[in-house]
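**Student:** So the protein sequences, as listed, match chains A and B. Using the working numbering, read the first sequence as starting at 1 and increasing by one per residue. Using the working numbering, read the second sequence as starting at 172 and increasing by one per residue.
To be clear, the hints were calculated from the coordinates, so they are not data collected in a lab. Computed from a predicted structure; not experimentally measured. Note that beta-carbon positions come from the ideal geometry of N, C-alpha and C, so glycine has one too. Among these hints, one or two may not hold up.
One-sided excerpt, in silico: chain A residues whose CB lies under 7 angstroms from chain B [unchecked claim]:
| id | residue |
| --- | --- |
| 1 | Leu19 |
| 2 | Ile28 |
| 3 | Gly39 |
| 4 | Ser52 |
| 5 | Thr81 |
| 6 | Ala84 |
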Amino acid sequence: MNARSYGPHIVQYPKEYSLCAGCTSCEIACSLTHDGVVGPRYNRIFLVRGTSSMIHEVAACMHCSDHPCYEACPEQGQAMTLDANNMVRIAEEFCTGCGRCMKACVFEPARINLVKSKVASKRSAKKCDLCAWRAEGPACIQYCPVRCIGLSSNPVPEYSPAVAQAPDGGQ
Amino acid sequence: MEKPATVTAPQTATTAPEILAKVKVERLENSLRYGYVGTILRINLSDFSVSTVATASYVPKYIGGRALANRIFYDEVGPEVGALTPENKIIFMTGPTTATGIPTGGRSVFTGIAANNYPEQYAWSGIGGWFGAEVKFAGYDGFILEGAAPEPAYIFIDDDKVSFFSAAGLWGRLVHDTQATLEAMHGREIKSIVIGPAGENLMRNASITTSNDNVAAKSGFGAVFGAKNLKAISVRGSGVVVPADIKRLFELRLQMCSPAMRPNPVVHEFVHGMDGNQIAVLGGWYRGQVACSHGCNQHCCRLMMDMPSAFSDSETVNQVEKCVGIFAYGFAEDCAWLPIMSWETEQNTLPPCKMLSGEPPAPDLSDPHLPALFAKVPGDIVNYWKPDFHKGSVMMHLCNEYGIDKWDVIVWYFTWLSMAKKEGLLEDMDFGMEVDVENEVFVRYFLDMICYRRGKWGQLFGEGMARATRELGYEKYSRSIYHGRYSQAVPGLQLDLPVSLETAWGMSYHWAGRGYEGSNNKPTWLAVTLMQMTSTRDTQTVAHFHGDYNDLLAIGDDPCHSRILVDDVIMNENKAELKDSVSTCEWQSPDLYWTSMEAEMFTCATGIEITEEELEEAAVRSKLLMRAITMRNHARTRQLEVDSIYPSIIYPDCHGETVTEVEFNDLVDLYYEARGWDQATGWPTRETWERYGLADVAHDMQELGMLP
């Protein structure tokens with residue numbers, strides 16, 4: 001059993017509550033909000049696509065309490081920092097895009113994205129910060145048209161018919 | 172008698188593909204900055220060469236998508252080019268909103284000489300999925316496919332590297348197996364478009380499939396891929412698309428078609444189908460809703476989960492059902508119609524995305540037209556086949572895996588088999604198995620036969636129904652009357668219907684007042700007929716007719732002399748050009764009460780200020796380019812198009828009505844006049860070409876003797 005503990009993170013609800021429509025709105029809202037662009041290297045949340053099954057999984061940073069990504073960062077304390085809630089933050093202006101944090105991520109697929117570029121100043125890792133600076137909360141949740149993702153501290157939320165039947169879908 | 176064919180099961184083995192050629196692309200500097208990514212790829216399959224074209228040389232005048240493709244095709248492909256020849260070009264184009272996150276912008280379009288149209292003509296086919304967005308992430312607004320590969324091949328576009336691989340290990344594979352194999356070889360993050368065995372065997376109804384069972388189904392471009400020895404195109408991009416106005420973009424995400432923003436649970440259903448085609452499903456079935464394309468804010472596609480597989484009794488499949496798929500399961504009764512599906516009021520609209528997702532808005536009871544808007548007109552009783560859940564699922568699955576346009580299979584092939592048999596037309600034909608559309612074994616047998624072009628009948632019907640019925644004898648095998656059609660709008664009224672549901676250009680009925688989805692009213696089916704007349708294909712997949720209900724009242728009982736109806740037709744046609752160009756989709760546009768929506772999407776994506784009127788001019792320009800291609804390449808005239816479409820409406824609608832040829836020609840007169848086209852020839856005047864910035868086309872038409 002995995003003893004790792006996690007901070008609050010984006011979770012995908014069971015399909016009995018809401019099926020991911022595969023629209024990629026979460027990825028788009030994420031990269032637009034943070035970087036003003038849409039591109040597969042810029043989103044900090046990932047749609048793991050079922051091309052033919054049409055069952056899609058949403059993968060996001062679990063905000064591990066032991067933060068192996070932070071431990072792997074050669075610019076620890078500058079490019080990667082810990083905030084007051086023990087959440088790892090990337091200071092992109094100091095990040096060299098070496099990719100060690102992504103490799104250290106214990107999840108598959110890795111929950112950290114990486115912008116690669118021939119221009120060193122453009123290389124950078126991208127990691128979920130739960131849009132902590134947004135009053136509305138995470139943009140991916142706000143713009144998910146089917147409300148299939150939410151914020152939780154549990155790795156996999158239990159399906160609750162009572163929540164599912166709530167007028168606001170438990171949001 | 173031929174032995175019944177066995178269905179080929181999916182394979183999974185992969186071997187490293189042989190690389191045939193690899194090209195490094197020098198992408199062009201993107202002067203456009205927002206929305207567009209600046210480069211169009213030109214890919215020649217004959218010699219595996221690649222070059223580039225600057226998007227900026229075409230836009231914003233030609234918007235993007237279909238409008239841009241129309242211009243390229245007009246410039247580059249002359250008459251006498253057949254669909255299945257190397258000289259045919261397939262143009263794939265995204266729109267400026269594609270991959271920006273503006274809802275519906277994920278849709279893209281193919282154009283070229285279509286294999287499934289009769290006669291072969293320039294046409295288009297839209298597609299959803301993530302492929303178009305990924306093409307832009309790789310740095311391209313679209314690509315032009317030329318030539319034909321010397322051996323089965325596929326293309327892998329990996330940012331600025333374009334590789335041509337041998338498709339020896341893919342050729343013969345089913346659609347989903349091909350997709351999975353490509354992902355196994357090149358990585359899960361790639362996005363692909365593929366053909367199945369139908370396209371390889373040049374079956375004219377063959378489609379091109381991408382993720383989530385999204386297909387370019389119309390026009391038979393799967394067969395064009397097959398003729399080019401092209402099995403698939405995969406793409407992986409690491410670049411970005413930059414929309415101009417992010418604040419407005421997020422507003423559009425919440426504004427366009429007012430997304431429900433509520434959970435989308437998988438539902439356990441126990442009944443399938445509508446009206447007279449309903450069937451109780453033992454043990455039930457599971458329904459979800461999924462989006463069709465990158466960045467959409469709706470979920471129109473019905474996902475049927477854990478459905479019976481065509482290949483295994485122990486395995487199940489997920490498959491997407493849109494409107495026509497419902498009728499694979501049972502087709503005893505045609506589709507009913509509500510006036511609000513075509514005629515709306517500001518208080519009460521019912522966008523198709525809301526119908527398809529099962530999230531209709533609550534009706535505004537203060538609307539005095541409410542009862543009329545929801546006055547249901549039941550579909551005709553047609554008795555093509557009884558509801559059969561398992562057989563329907565198998566039919567759907569085979570179409571998905573073979574890569575065949577479901578529309579033609581459900582609406583045309585099998586209705587013809589049903590009607591022709593009942594009318595005794597098939598008695599001297601030995602298919603190798605008794606024709607029985609109620610029998611799942613026959614459904615498998617027939618689809619396998621036409622996909623793999625097995626034997627005499629596989630060769631014949633693989634050419635599509637329009638060509639097959641002409642080869643058999645058009646009058647007998649197409650125009651013979653089916654006597655099993657009964658109106659429910661006028662109960663007990665028996666109505667004539669031809670055994671082959673053909674309209675014009677090798678297409679079948681679609682919202683045309685008779686045949687499939689035929690219970691709409693006369694102004695609506697006249698509008699639909701007029702739209703198809705000037706096109707080269709069924710226009711309803713991108714131009715379901717919409718008008719204001721007050722217009723319907725003003726049109727009254729004389730639609731053939733109504734300029735209001737003509738203006739509504741032109742509005743719908745122009746919006747259809749925009750849907751495939753900006754791009755947006757059939758299920759969110761047009762919004763009759765937010766007419767600037769497409770212009771706002773365009774400006775939001777590109778930063779280029781454009782008014783609704785200016786964008787409408789660009790839409791007309793696109794329509795005119797289509798007209799120019801059909802005139803120059805396909806000798807289109809008024810007489811040709813009226814003679815092609817009118818015979819399809821001589822059969823009565825569900826009320827027993829039709830219009831005379833004189834009346835229909837009066838409507839055509841009004842339409843040409845409103846378009847600025849000569850009434851005698853159907854050709855645009857010099858003034859019309861020049862008004863829309865196409866003086867060069869006017870010059871060409873003068874040279875051709877086609878300038879009235």
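**Student:** Each hint needs a verdict: does it hold in this structure or not?
**Tutor:** Now the hints, each set against the structure:
1. Leu19: holds, 4 angstroms
2. Ile28: holds, 4 angstroms
3. Gly39: Result: holds, 3 angstroms to nearest chain B Cβ.
4. Ser52: With Cβ-Cβ at 4 angstroms, under 7 angstroms, it holds.
5. Thr81: This hint is violated: Thr81 (chain A) lies away from chain B, its Cβ roughly 26 angstroms from the closest one there, beyond 7 angstroms.
6. Ala84: violated, 29 angstroms
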